[in-house]
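Visitor: Construct the complete structure from the given sequences, taking the supplied hints into account.
Going line by line, the protein sequences match chains A and B.
Take 0 as the starting number for the first sequence in numbering that gives the first Met the number 0 and just add one per residue.
Take 0 as the starting number for the second sequence in numbering that gives the first Met the number 0 and just add one per residue.
Hints in this document: simulated from the structure, not taken from any laboratory.
A few of these clues could be false.
[Claimed, not checked] DSBU-like, lysine-lysine: derived pairs with alpha carbons at most 35 Å apart:
1) 11/A with 298/A
2) 225/B with 335/A
3) 132/B with 11/A
4) 132/B with 225/B
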Amino acid sequence: MTDTANVDQKLKEAYFTASQGQLIWQRFKRNKSALAGAWILIILILSGIFAPFLTPYDATISGRDKDYLNGAPQIPSFCDSNGCSMRPFVYTQSRSRSIKTNFRWVTETDDSLEGRRYVEFFVKGAKYSHLSFNINLPGEALDFKIPGFTFETHLFGTDKGMIHIFGTDSTGKDIYSRTLAAINTSMAVGTIGVFIAFVMALAIGGVAGYYGGWIDSALQMITDTVRTIPSIPLFMALAAFIPDTWSAEARFMFISMVLGLIGWPTLARRIRTHLLTERNQEYVLAAQLCGASPAHVIKRHLLPSFTSYIIVDLVISFPYMVLSETALSFIGLGLKDPVNSLGVMLQNVTSADVLLNYQWYFIPVIFFIVLVLAFVFVGDGLRDAADPYSDSH
Amino acid sequence: MFLFSKFVAIRAMLAILTLILVSFIVFSLMEMVPGDCAERYIAFKASQGSVITAADVDAERVRLGLNRPYIVRWVEWIGNAFQGEFGDSCIQRLNISQLLGQKFWLSLGLCLASLVLAYAIAIPVGILAATSKNAVLNNSLRLVSYLGLALPNFLLALMIMLFSTVMFGDSLTGLFSKEMRDAAWSYERVMDFLGHAWLPIFILGWSATAFAIQTVRALMSDEVGKLYVTAAEARGVSGRRLLMRYPARHALSPIINSLGFDLNRIFNELPVVALILTLTEAGSLLIEALARSNDQQLAGAIIFMLTASIVTINFLTDIILALTDPRVRRSIVG
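Guide: Listed below in structure tokens is the structure:
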């Protein structure tokens, strides 16, 4: 009897002395779909970061398979009419057109024993490097280079020829390699965009909420105006400024910045509203009466009161950044070819040729829906977990 | 009555102020695009074979009034814009109102139709979801609204195109059939339009519907638990009558309030969906102007008109709110 009471007491104590982060984590863990979303998200982010290792080929034109343009996905198998093997294999396939085929594209498959390409693991392939930065902005002074670490081992490959588990596109680039590279790009664009939006929102919303009065009214007017203009048309108008001469990296930086520059109003409004309500709360008054300086009040009381909300808002706004970038690249105003992103990969899929014959162009869409869904689930779970009253109902 | 007209006047002034700010942003964007109208005209002349000097460009600038200060030109632009006049497009050398003409109203009609569709679906479904204890229904609705977020309209459009091409061999694109494209408006053309427009309306309304279901559900489930509903129930009101007379009326104001932003969301998707479904309306014209021809006058006019219709909707919803809810009237004026 006393034992259970003791345990109860311990649990209660743990509950009441837990930090806000621990409480949020406790509540988050109970939400099964959010937890599943978090795992999927982690796996996708890691596969984006380690894309060069996980994928057999370079995602740019240098990794193309010139004998297998618009090739169908090759599924490794263990058995065929020539018998089984312990090692999975695909066939040697090539696509070509000539006068013999009436200039239609045809696929030739060599399904003899010699035509088998055995799948091997940890093969040596194209070189890639991690932690290397090579920023090439317009202007000489801004260029800098960090070599990083170079590797050449890939998770899988074949003993001869190439393997394309998601097929290839019209230039022979491996769609699987491009997909994982595209996840990486999207995460990078989203991170930069969210970061810029966050800094701007913090500055503008913070000033409006802290000073109040006419400054607040003026800033609110501007924020509301920017919110009224449909953002994608505005993105398009800004992206149309990019001169054709810019490098892919410069484009990438500019697009991420534009996303951030337009994404701030919603967050700024939230920060401002929160500051306005919180600064009149009793705990702030109590701290002020105890003689705390404004800096102390902001740092120790106001900021912790809404960091969790800000984090939640950032996670929720992330997929919007990714999707805006996709829409922008899709219509040809965003990222361009050497950079891979979902929008870039989907650029030419509306042609009847692709729709009728090469449906595997759409495989990356599945990954992106899963990525965005995972973000939405995690964001929703975090929002519920960060709400201290969510337990009561 | 006096209170009400004062409210309307203040709201109208705020709306006009917003439009002026928007016009400033849009006009600045148009100005920031490298190259101006004079250079474009002259470049065209040069391509026709005449020899061009820098003096010619300057003379052209004077002729077009481009040498005047920025603010003067902005005031002129906004003055004309409020009269629905946006000048000429330098690329196509055509009057923009003529160029946009009915295409803009076509777009607005499509977007408003999808907004109506979104709420026609969302209000009953959302109320049902908030009051029903059916776990299967609730979970499937949650999934649909999550998909509305994760599968943006243009990806949905792509998927539908892929599906219909593979299954029926028809990609279901366009707003009119071939023979009707340039015909004058007639009964047949309207029917032809409706036969094509249902798909874009559905696709444009997709995300908005998912969001609206979420909103309606959240608002309703907040309201049904409240004491006044219990009190009404105790007085013997029940079933649909109870829901419609008490919680639904309360939940309505925030929904009316958010209509402007829903329209904003639909406008966001319009250009890309228009591109995929090859709709011949303002959205695809905007992409054309921005991505292909760099036609800043046309793009600016379209963005301004889109925003103006959102501001108008916001103004109208404010008036409707004030008509239905006396608290709103007092709060703004007071």
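Visitor: Hints first: check each against the structure and report whether it holds.
Guide: Each hint tested on the structure:
1. 11/A with 298/A: Since the Cα atoms of residue 11/A and residue 298/A sit roughly 29 Å apart, the hinted pair holds (cutoff 35 Å).
2. 225/B with 335/A: Measuring from Cα to Cα gives roughly 54 Å; hence the hint is violated.
3. 132/B with 11/A: holds, 32 Å
4. 132/B with 225/B: holds, 17 Å
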